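Residue numbers (the numbering used here), protein chains in the order written: chain A, 1101 to 1594; chain B, 16 to 288; chain C, 739 to 1053.
Calculated directly from the structure, the hints in this document are not laboratory data.
Keep in mind it's a predicted model, so treat the numbers as computed, not measured.
Incorrect hints may appear among the rest.
What the hints assert, rightly or not - List time: in silico SDA-like cross-link candidates among lysine to any residue, alpha-carbon distance up to 25 Å: (1) A:Lys1490 - B:Gly226; (2) B:Lys51 - A:Pro1321; (3) A:Lys1312 - C:Phe912.
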Amino acid sequence: MNFYLKKIAATSAILLSTAMLSHAAQTDITIGMQLEPPNLDPTGGAAGAIDQVVYANIFEGLTRYQADGSIAPALAKSWDISSDGLTYTFHLNEGVKFHDGTAMDAEDVKFSLDRARSEDSTNAQKALFAGIASVDVVDASTVKVTLSSPNGGFITNMAWGDAVIVAPESIANAATSPIGTGPFVFSNWVQGDRIEMSKNDNYWGAPIALKKATFKFISDPTAAFAAMMAGDLDAFPGYPAPETLPQFAADPRFTVIGGNTEGETILSTNNKDEHFSNLKVRKALAHAINRQEIIDGAMFGYGKPIGTHFAPHHPDYVDLTANSNYDPELSKKLLAEAGYPNGFDTTLKLPPPSYARRGGEIIAAQLRAVGINAEISNLEWADWLKQVFKGKDYGLTIVSHTEPMDIGIYARPAYYFQYDNPDFQQLMKDLTAESDPAARSNMLKKAQRIISDDYVNGYLFQLARTSVINSKINGMWENSPTQATDLTGVSWSD
Amino acid sequence: MKLPRTLIFGGILFATFLFAALASFFWTPENVEVLKITSRFKLPSVINWFGTDHFGRDIFSMIMVGARTSIAVAVVAVGIGIIIGVPLGLWAASRHGHWLDDLIMRGNDLVFAFPSLIIAILITAVFGPSAFNAIIAIGIFNVPVFARISRGGALSIWNLDYILSARVAGKGTFRISAEHILPNIANLLIVQGTIQFSLGILAEAALSYVGLGVQPPTPSWGRMLADSQTMISFAPHLALFPGFAIILTVLGLNLMGDGLRDILDPRIRRAQK
Amino acid sequence: MLHFAFTRLISLSLSLIAASVVIFSVIEIIPGDPASFMLGINAQPDTIAALRDQLGLNGSIISRYFNWISGMLTGDFGISYTYRVPVSELIMARVWISLPLAIYALAISTLIAFPVGLIAAANRGRPVDLTIMGTTQLGVAIPNFWFAMILVLIFAINLRWFSAGGFPGWDQGFLLSIKSLTLPAIALALPQASILARIMRSSILDTLDQDYVRTARAKGLTRSQAIWRHALKNAMIPVLTIIGMQFSFLMAGAIIIENVFFLPGLGRLIFQGITQRDLIVVESVVMLLVFAVITVTFIVDITYAAVDPRLRRKQ
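Isolated chain A, as found in the complex (with noise of 0.2 Å):
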């Protein structure tokens, strides 16, 4: 008797763990990330990297970027306009709970936004809060923001990751403890390694399909592909080791996505270095530019080129490749006329990504070939920062600007290429003010094609997305709107 019963129950077991561990669609989930946030308050500074953790998973703003770049209600479920464009009144989902219990209401959005846009506001983006005049609670689920002029694009900033919503009860150790609204709750961080969140039960909004999610911090290129080959590794969005694409698409247990990104890379022109301000100089350095060499020596075939500061999956994109084409001999004849038969030397800093490690090694050979000897400082960005960025000490340099439509830097004159249009900053004031479509349409266009004349800066490329994803993931996005790595939508199939 008691022989049948020890085997019956062994089998049961032995059945009960197999069914168990084969039968249940894996509900967590591990992505690599290049870069550690430095915290994890993406409302007090300007690291893309925090955003990439905590976007839609733990914190959330009125509105929210989806994953083909538009924009949807978040925890504003509606919002009036007024018709002279300064007034808008948020109505904001009701039963909205913060991960700490209490509620989210008008007085927690008041808070967030005044607190964005106080004189000692830390927050990376402050000129997106900079034209409310005031913020109102009208009750507790009704918020008033008024504008001190009207701004088209004040609904798609604030869905922005700068612009989520936070709590004063909270916001004090946002840092390492962030407090959201979110469908995932922040669980725990191990500096230099992971951060760990787990399923909010008490979600107001759909119910997702993960339990746990783990972001692990590699930045090293080689690492990465590792740990992706290995299976330490379920996801890896914006991954950084392009050469090693192939193999993952030849091998079933893995997905390649491509996808675009706001991110123009550019060859940035000092406009004021000696050389650089010369208008003749500045078209030779664009036609000595080889651009699908660089895209497919540095980004091993991802990207497209781009003639001008723009996006080429927008609707107003204009094609002016064909205005720097790939012309060495037109270069050299230029660099003549203008005064250098023998060419020049100049510097060219890199901060750390490859596509500027590598893209600049590219491009210093193609500009050796017809004279210019730049000189590569491969810098940390904080030297970057310092150098480059704030000292306008360079002649040359390669970084790709991430933000979504920000032609308009070209507007501002102490930016750090030093471009000064008196004509293109009229044009980006008009084109603020205005929100008719086809006008704002024709100025797009306009003002890519005075940058592109002017030959600002070397146009290069779009920089592409590519994600390495387990083959069983669905709903991770392909395209990077904003930055953020949104896993409300995503599930295994199993």
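Chains B and C: place on chain A using the hints.
Below, chains B and C alone, put in the same frame as chain A:
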């Protein structure tokens, strides 16, 4: 006198790379500053003896030019160690028992205590990554080594009778150090020099590997290794050849050091303790 | 003996003070502002100024130095600029990776080096010895990061016996954690084992040449008996010194290996700190490592002197 096999074998190995480095000033199979993306990742062949890298550059040529960097950095770093370290060590030995000797030895210990790679990284962070700063960073850590060696060797000579008689005769410590001690520790220095040289090659490779050595477009073995890492599974030759170059050069120098130690004086090893 | 220990203690303290001054001054010269690094390209100047205030970056050099020193003496290593947590927490978390890794590597290298060195010494001149000498020569010449790359290629990517790196955390299981430290430890251990084996061999051979060993052999002991009963004990002394020194190297010098295997240890903490301009972290961790090395040297000296009285006299 029959030369030890280690010296011969090591000498040949090292001489090969030295020759490659010098020859690279006059001729390399292909120009390492021209990138040919279309010919990248080629396996070793008649045209490219070691194949091509991710930018289409000929790896054999890169190894030749890289030899320049490694050898130059290591040599100058050893030079710094000797020029500063030996006088310090001799001075300390001549003042043995005096607080000056103690001070120099404490200073020595202090430098030994610092984790050298971290300091090297700090130095390049402060002053910018370059061959020159790599030389300084490596050279600094050669100084205490040569100081200690020369002090140790000098101390055992100071006790000898003929030195005592020189002192009684009135010769100053500086002259004694220069005329009697220095030539007699020369053998010690030569042997240690080859060891530090080989360590210098490894150190330069490590610094270049983390990006703190000589900058592009000048090739460097360490940087070639760093660049090759993500591609090692489909283009292993990118990592193998620079790796072998480092290993063989260091091996050659170490064997030379052993061989030199054997012929110059086996009793030296006692003095070193 | 006491007098000797006391004078060494004084010099230990002096060394530490000198070290702290050197470290502090070097790090203060580093260019790059942590605040602008943290806030990124599009931050406004007033935002940056506000953050600098928050981080306490605006005091005078002298006052900041003394704050740092007095803090460290009480166990307060400051607050990290980037992570906003106490540096001591970061150190505690990382030390439990770097320390076990160093011990593991030391164990592997010792376990290999001792028998190998012994065998070589006992068979001096014969083929076994020559093979061992040849192999160790090769081992010394191999850069440990290159070896690490090859190990990852073979054992992690191709054979999938080990993960490519990372550290699951001790709470995930002892064996699992040890497994993730195995490839890094082997990569670190290889050159060390080669050096140790050679030193072991030469140390034993030197001892064998000593008079007292010759006396033992004259009394009729065989060569191996001479080795075991007399030479080994004394040969160990220099070997132990080297082990002590190597331990310090392993703790600090594993930066590159930690990077290759993405282990969140002390070495990588420093590297990241320098990159992110987190000066507080860099200062404190470097100081800690220097302290560890100086202390280990001090202990080794004292032990050495306790064992061999000849060293205590001012020689």
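Now for the hints, and whether the structure bears them out:
no. : hint                 : in the structure
1   : A:Lys1490 - B:Gly226 : 24 Å, holds
2   : B:Lys51 - A:Pro1321  : 23 Å, holds
3   : A:Lys1312 - C:Phe912 : 23 Å, holds
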